[in-house]
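*Asks:* This is what each chain is made of:
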Amino acid sequence: DSGVTQTPKHLITATGQRVTLRCSPRSGDLSVYWYQQSLDQGLQFLIQYYNGEERAKGNILERFSAQQFPDLHSELNLSSLELGDSALYFCASSAPDGLEHGYTFGSGTRLTVV
Amino acid sequence: GQQVMQIPQYQHVQEGEDFTTYCNSSTTLSNIQWYKQRPGGHPVFLIQLVKSGEVKKQKRLTFQFGEAKKNSSLHITATQTTDVGTYFCAGRGNYGQNFVFGPGTRLSVLP
Chain A
1 DSGVTQTPKH
11 LITATGQRVT
21 LRCSPRSGDL
31 SVYWYQQSLD
41 QGLQFLIQYY
51 NGEERAKGNI
61 LERFSAQQFP
71 DLHSELNLSS
81 LELGDSALYF
91 CASSAPDGLE
101 HGYTFGSGTR
111 LTVV
Chain B
115 GQQVMQIPQY
125 QHVQEGEDFT
135 TYCNSSTTLS
145 NIQWYKQRPG
155 GHPVFLIQLV
165 KSGEVKKQKR
175 LTFQFGEAKK
185 NSSLHITATQ
195 TTDVGTYFCA
205 GRGNYGQNFV
215 FGPGTRLSVL
225 P
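As you go down the protein sequences, you meet chains A and B in turn. Numbering-wise (the working numbering), the first sequence opens with residue 1 and increments by one. Numbering-wise (the working numbering), the second sequence opens with residue 115 and increments by one.
It should be emphasised that the hints constitute simulated quantities derived from the structure, not laboratory data. No experiment lies behind these values; they were computed from the predicted model shown. Beta carbons: idealized from backbone N, C-alpha and C, even for Gly. Please note that the accuracy of each hint is not assured.
[Unchecked claim] Pulled a few chain B residues facing chain A out of the computed Cβ check, cut under 7 Å:
1) Tyr124
2) Gln147
3) Pro153
4) His156
5) Tyr209
6) Asn212
7) Pro217
8) Gly218
Could you put the whole structure together from the sequences, leaning on the hints where they help?
*Replies:* Laid out in C-alpha cells, this is it:
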C-alpha cells in the first residue's frame with residue numbers, strides 16, 4: 001500500500017457519459033498529480049494541484065477537469081466520454097519539500113468506455 | 115517542449131542475462147528519476163540522479179547520469195524473474211517544475 005488511495009479501481013461506462021475519479025494523497029503530501037496511461041503507453045501528465053490550487057497543466061482535454069478540496073483529496077472529472085478515453089488513470093502525490101523522493105502513485109482507476 | 119525517449123521499447127532476456135535501458139532527453143536535465151511498474155501495478159520510484167556523471171547502485175541495479183545531463187541508463191546484472199516490468203525514466207528540465215516521463219522499456223525475463 002503506497003498510501004495514495006484511488007477509487008474506484010474499475011469503471012465501465014458508455015460513450016457520452018461523465019465519470020468522477022477520486023484520489024486521496026499520502027498523509028502529509030500537499031501535491032496531487034493526475035496521469036493517464038493508455039494501453040502499452042507511457043504516463044501522460046494531465047494536471048497538478050498543490051494545497052487546493054492548480055499548479056501545472058499538461059495535455060488535459062477540455063472535456064476533463066479536476067479539483068483539489070480543502071481536505072486535499074482530489075477528483076478528476078471526465079465528461080462526454082469517447083472510446084479513446086479508455087485508459088488507466090493514476091493519481092500521485094509528493095512530499096511538501098518537493099520531488100526528491102519521487103512521485104508516490106496510487107493503484108489507479110481502470111476506465112473502460114464502451 | 116521537453117521530450118524524453120527510451121530505448122529499447124521491449125527487451126526479452128533469459129534469466130541470468132544482463133539488461134540495459136537507455137533514456138535520452140531533448141534538453142539538458144536538472145535531475146532524472148527512474149520508476150518500475152510491475153505488470154498490472156503502478157509505477158514505483160526507484161532512484162533520483164542529480165549530478166553530472168553520477169552513478170548509483172541498488173543491489174543488482176546500476177543507474178548512471180550522463181556527463182552532459184541529457185541521458186541516463188539503468189543496468190540490471192543477472193536478471194531475475196522478479197525484474198519483470200516496465201522501467202520508466204522521468205526527467206526534469208532546468209526550468210521545469212514537474213518531470214516528463216519516457217515511454218518506458220518493457221522487460222520480460224524468461225526462466
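*Asks:* Now, for every hint given, state plainly whether the structure supports it.
*Replies:* We went through each hint and held it up to the structure:
1. Tyr124: 10 Å, violated
2. Gln147: At 5 Å from the nearest chain A Cβ, Gln147 (chain B) passes the 7 Å test, so the hint holds.
3. Pro153: 11 Å, violated
4. His156: 4 Å, holds
5. Tyr209: 13 Å, violated
6. Asn212: Status holds, d = 6 Å.
7. Pro217: At 4 Å from the nearest chain A Cβ, Pro217 (chain B) passes the 7 Å test, so the hint holds.
8. Gly218: With a closest approach of 5 Å, the Gly218 (chain B) hint holds.
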